[in-house]
Amino acid sequence: MSTPAILDRKDFDSLLGALRDRGHEVIGPRVRDGAIVYDTVDTAADLPEGWTDEHEGGHYRLKPRTDKALFGYVVGPTSWKKFLFPPQQTVFRATRVDGQLRFEPGVVDDHPRAFLGVRSCELHALAIQDKVFMAGPYADTTYQQRRESVFIIAVNCVEAGATCFCVSMDTGPAVGAGHDLALTEVINAREHYFLVEAGSNRGAELLAAVPHRGATEQEINAARGGVAQAAESMGRKLETEDIRALLLGNLDHPHWDEVADRCLSCANCTLVCPTCFCSSVEDSTSLDGGEAEHTRHWDSCFNQDFSYIAGGSVRASTASRYRQWLTHKLATWYDQFDSSGCVGCGSCITWCPVGIDITAEVAAIRASDQRRGDR
Amino acid sequence: MNTPVQRPKLAVWKFASCDGCQLSLLDCEDELLAVADAVEIAYFPEATRREVAGPYDISLVEGSVTTPRDARRIRQVRQSSRTLITIGACATAGGIQALRNFRDVEGFINTVYAHPEYIDTLATSTPIDEHVPVDFELRGCPINKHQLLEVISAYVAGRQPNVPTYSVCEECKRGGNVCVMVAHGTPCLGPVTQAGCGALCPAYNRGCYGCFGPKETPNTAALSGQLGALGMGREELVRFYRNFNAHAEPFRQESERHDK
Ligand code: SF4
Ligand code: SF4
Ligand code: SF4
Ligand code: SF4
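Line order of the protein sequences matches chains A and B.
What the first sequence shows, in this note's numbering, is residues 748 to 1122, in sequence order.
What the second sequence shows, in this note's numbering, is residues 30 to 289, in sequence order.
Worth double-checking, as some hints may not be accurate.
In silico EDC-like cross-links for lysine to aspartate or glutamate, where the CA-CA straight-line distance does not exceed 20 Å [as the list claims (entries may be wrong)]:
(1) Lys174(B) to Glu1040(A)
(2) Lys878(A) to Asp1082(A)
(3) Lys174(B) to Glu1029(A)
(4) Lys43(B) to Glu69(B)
(5) Lys174(B) to Glu1038(A)
Keep in mind the hints are simulated off the structure, nothing from the lab.
One chain only, chain A, in its complex shape (with noise of 0.2 Å):
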């Protein structure tokens, strides 16, 4: 880690600026539509000052602040990974002329990027979507092609959100790898700055270039006092001991079937989940035969056809879903990554439209494990 330097808000923009003249576009947190969504920022005037975010199952509320902290909130309803793993992306145009087809592959929106604002827990999801993406003989090279050119500003976290828990998993709320600078808001009556971390070579060099200046042990005292008040107050709680070997010796337990009663099936879930990576194909054709798209879209085991093989869906009730989305969040990423394929966000908690709990339905399980023997 850097030595701690002070940015001050009043030079907030020039952070913004020193990133714009590099080339960037600065992608952040703006308020849109009720809610705090990352869109292109211009200004520090962009950002949702003096706003946060109530989360509960199924409920999620713009509210106003009492101060002015431009970071004042926790996570919203879009991920990053649309701007990497984008919902809609065409793969290959083809056209025949004379006979003969001529592929084209889609055009990768791989201008550089800046995020600014990436919780604790949104950089290791990001870290899982690197690993899905990227290790492994068979990379996705649009995805790369847009993650190699991104600049990570992330916010450590001084308030936890009330569907947070990234203490249980292990990925938060301090922020510890994977950015190029982090930044600590610290508001009060009296002041108002971010204590500034360089993650990087690229990120030293941009806080070089933009005002700042050394920490006092009790600036950043002030910060680190915030980040650890933040790991307090988790509004949930995800027991984690033994979890793949409890999920997977559970696979018959009734409570599937009792979730499957008031999930929707909707998807949402796995949509606003920042590690959840899955996508299909479609091919169209013109009316005439002369062209055809392939395009890949998001898609999710919450939807029948994408257990559909000849003869129809494996996965044909929603309890067989539910259980395949959170087993594989929880349990088989281990197996298939190495890692839990949850960072403890709480995203799928608010935006699932009737609140289903993640952490709720596996304690559930914990509850009346139905393994014999050994426990």
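Fit chain B with the ligands to the supplied structure of chain A, relying on the hints for placement.
Relative to chain A, chain B with the ligands alone:
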């Protein structure tokens, strides 16, 4: 015209409907010429007086069956069509006029018409597939023209159409909308409604009205529970499910469950 290749003959039929879905075909503008190239528009009174006799390779049927005469006519259409595709909420679910199915039609007729004896109508408005076998149902009120082109292209090319049966939420999230139900407390039928519109209403901060009918495996009871928690009363719930797809089985059952 003497085109050397044999193009499939397309017919467009109208039953009880507003014509909006047929207009989606005319609304294809840029693609309309391609459609006319790919198929022979053999019968389409809304667009042309030219009429080529059947049988037809593809029949698009708009509208529901509301009269004894139409109940007979749809059989003739079926007989003269190799592939019969229904388009729109009227043809696939009975349409908004299926609201009559929940009430006494005789009563309406006597109240509304000066000469009720001239009215020859059925007690119900029913979808085409309650009368004849249907090869493909394209949902929507109105249908989405891109989906219509996809279906025509698919049938011309002899492949399955890509028309997803998952939720509107799927399109809503892909479109980057803020969920109106979670963030605003606005009732939304999106989680039980089939995609196809591109989540048009949520994109404008309105709840989904269910124009594309029930999705695959719709859990209307769970949605109603949440709508109740958001403050919807029984009567409102009944009306909520009784729109353009009121007669579609899952919506009909759910509205009846609250209509007691
Ligand atoms: S499963 Fe839920 S809490 Fe875990 S990372 Fe995904 S959205 Fe966040
Ligand atoms: S939980 Fe479902 S949608 Fe998410 S990554 Fe796993 S299989 Fe894919
Ligand atoms: S858990 Fe919630 S968000 Fe996920 S599919 Fe079920 S109802 Fe939809
Ligand atoms: S606004 Fe409606 S359609 Fe969109 S995600 Fe929410 S419930 Fe689903």
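Evaluation of the provided hints:
no.: 1; hint: Lys174(B) to Glu1040(A); in the structure: holds, 18 Å
no.: 2; hint: Lys878(A) to Asp1082(A); in the structure: holds, 13 Å
no.: 3; hint: Lys174(B) to Glu1029(A); in the structure: holds, 18 Å
no.: 4; hint: Lys43(B) to Glu69(B); in the structure: holds, 18 Å
no.: 5; hint: Lys174(B) to Glu1038(A); in the structure: holds, 18 Å
In the structure shown, no violation is registered for any of the earlier numbered hints.
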